[in-house]
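Protein chains in written order, with full-length UniProt numbering: chain F, 1 to 229; chain C, 1 to 588.
Since the hints were derived computationally from the structure, they do not count as laboratory data. Don't take each hint at face value.
With a cut-off of at most 25 Å between alpha-carbon atoms, the simulated DSS-like pairs for lysine-lysine come out as follows [claimed, not checked]:
no., chain 1, residue 1, chain 2, residue 2
1, F, K99, C, K50
2, F, K54, C, K83
3, C, K242, C, K190
4, C, K247, C, K90
5, C, K50, F, K162
6, C, K136, F, K162
7, C, K190, F, K99
8, F, K54, C, K50
9, C, K10, C, K83
10, C, K43, C, K10
11, F, K99, C, K43
12, F, K99, C, K83
13, C, K79, C, K190
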Amino acid sequence: MSNKGTSLKGLLLVVLLVSNILLTKEGVTSLPICPNGSVNCQVSLGELFERAVKLSHSIHFLASEIFNEFDERYAQGRGFIAKAVNGCHTSSLTTPEDKEQAQQIHHEDLLNVVLGVLRSWNDPLIHLASEVQRIKEAPDTILWKAVEIEEQNKRLLEGIEKIIGRVHSGETGNEIYSQWEGLPSLQLADEDSRLFAFYNLLHCFRRDSHKIDNYLKLLKCRLIHDSNC
Amino acid sequence: DLLQWPQISKCRSPELETFSCYWTDGNYYNLTAPGTIQLLYMKRNDEDWKECPDYITAGENSCYFNTSYTSIWIPYCVKLANKDEVFDEKCFSVDEIVLPDPPVHLNWTLLNTSQTGIHGDIQVRWDPPPTADVQKGWITLEYELQYKEVNETKWKELEPRLSTMVPLYSLKMGRDYEIRVRSRQRTSEKFGEFSEILYVSFSQAGFEFVHCAEELEFPWFLVVIFGACGLAVTVILILLSKQPRLKMLIFPPVPVPKIKGIDTDLLKKGKLDEVNSILASHDNYKTQLYNDDLWVEFIELDIEDPDVKNRVSDTDRLLTEDHLKSHNCLGAKDDDSGRASCCEPDIPETDFSASDTCDAISDIDQFKKATEKEEDLLCLDRKDNDESLPSLADTDTQQPHSTTRSENSQPWPPFTDSIDSASPSVHTQLSNQNSLTNTDFYTQVSDITPAGSVVLSPGQKNKMGRTQCEGCTEQNFTMDNAYFCEADVKKCIAVTSHEEDEPHVQEQSCNEDAYFTTESLTTTGINLGASTAETPSSEMPVPDYTSIHIVHSPQGLVLNATALPVPDKEFNMSCGYVSTDQLNKIMP
């Protein structure tokens, strides 16, 4: 009898394990995407925008914080502020400068602009996360924020690509993005110059992340809530 | 007065569409010639400084940039200057200087009241600042609400939130409240200005309310009561733990394995012989101990002529077996617990107890091990060699050593057998040995007491010559060796006393001891009575350490010298000698 019982238990366990494996293969994510029973399981555009706006807000928040911490820790007394008027590598991209321009631009173009900016920042953020660790006595908060920013930026990039895939009626426009050449400046031997390069990069990214956040919120209100957020 | 230069106090954008800058005059105008102060600005891509487009709209000492002049995310620099000099300069971008206007249209509604009518919940609502274009999503604001009672001084703050309505819970309905709200851009740190204060008064709404006495802010008496109870419980527990009986009652001790009669301390101290004796009192152990002891057998000794005995192989036999014994004895010094307290080097002549602490058990083990130590042989040999026994002018001394040696080399068991079997061989051995050692061979069994004890006699008069058996063994060894210890001691004592009456308790690792040991070993099976102070050979001038004094262990006997004023001491451990009493106990 006991043998039977143990074998039954074993069988049950095996069944549970197999079913668990099969279930997890479906790729359950934290957010439920598909409502039950729908054949064409797709996340709604509104949900996509919701997630994108959340990500962009989080990225901008982290960028502000990391910039403030860096400013406090390394930039005091070095006169970086005055020099921060230097251009960012994304300045060459044409982006709406104010609300009217942003409202007039077509949402597809605006999405492309967002994509271009995000692509331009993909590379610098990777290098930022790695190079910031070489700064002498870099606080842990700066380190993990840099890593987190880089990860979230990647996710936002994927999300925007998905949105573009949904929204674009015609052919996908070629995204214009600017190459970043600033890696050598992050690896300068002179510490002052190197720190200023970091300062500049963080300052530029704070600005650009704010830009992206604003554009996406504008788009979300326009497309999803019909300009009535 | 200090000259205060004009300064740009702040630049601010309320809605991310326009911005304005404000400055202070200072007392410059009073001190110097009045000139016109200008605010110049430059955008990043400009080449030259431009003048402020609007000095009026924002008020005095201000410059207003409308939407056409405002570009977001682009660095600006503004400077305050007159024709000659620059007073102040600032660089920024518009997205960094956002400070929204205060919210408008604050109002509140009552949600519900408590049953007692003392407290109530309200919901406060407001509208975002009109300038901020929140609907299109161009700017996202979050709000912070603060409230307080009218006569209080400190404002209570709520967490910043995105929604434009907030419930306030548990307000006292008998009091009036003030509420204010301010906003900021969501990712900024700085808040804008506060809105106008909203007054909340329940009486105005015509609600019934009850004026209640002040509630207890904190139930102090509850704290006191519970604290006292906890303290009392703790004190009781402490008291309980101090009382061993109660503690036993509550926490009964876990029984540990224990053998009746044996104290673990005994084992720790290493008093193995005591333990052994106790263990031996249990039947099982006894059988174990004595199972394999071939030599623990009854020795039948025939009492013959002492002279014959002298020559007889008793000695020899003892000697031959002896080497094993001696080996063991000698080798006994190696290990074994309890050896530590073995025979002390300096034993007073009359104090044979000095040699106690030798572990009979250890001796037994050693014998069993049959560790071959050269020393034993050496002892014998040396004795043979070194000893020039002038006094031992015995014919027996001429006996060849080889015999003894060869006999010594014989294994132990045969010896016991031989002992059991025949005395003659022993006698021969003894005689041989006698030739070597002579006087100190208390190996002649001169008598057997009715009780079964064996009375040994030295058998030889020539104990004079025998003094030190030097080099036989170290002191420790002799001491350790049950047999040797005693024998040595006694022999030496006997000898010395015989000669000079000097206590000579140094390690006389004379082989004669072996004889003793043999005897003692064999006497384990013998129920030895009290030491009979019989002198086996009355003719022997040497004191006979032949009376069993103490049976220390199954393998050992403490032989008492009858001739000597041996104190009737009861020494528990003398190199393996077992006191008779113990022996009595041990033997069935």
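A quick look at each hint next to the structure:
1. F:K99 <-> C:K50: holds, 23 Å
2. F:K54 <-> C:K83: With Cα atoms ~50 Å apart, F:K54 and C:K83 exceed 25 Å; violated.
3. C:K242 <-> C:K190: violated, 63 Å
4. C:K247 <-> C:K90: violated, 80 Å
5. C:K50 <-> F:K162: violated, 44 Å
6. C:K136 <-> F:K162: holds, 23 Å
7. C:K190 <-> F:K99: Holds - the C-alpha atoms of F:K99 and C:K190 are around 22 Å apart, at most 25 Å.
8. F:K54 <-> C:K50: violated, 40 Å
9. C:K10 <-> C:K83: holds, 22 Å
10. C:K43 <-> C:K10: holds, 18 Å
11. F:K99 <-> C:K43: Cα-Cα ~18 Å, so holds.
12. F:K99 <-> C:K83: violated, 35 Å
13. C:K79 <-> C:K190: Distance of about 24 Å is within 25 Å: holds.
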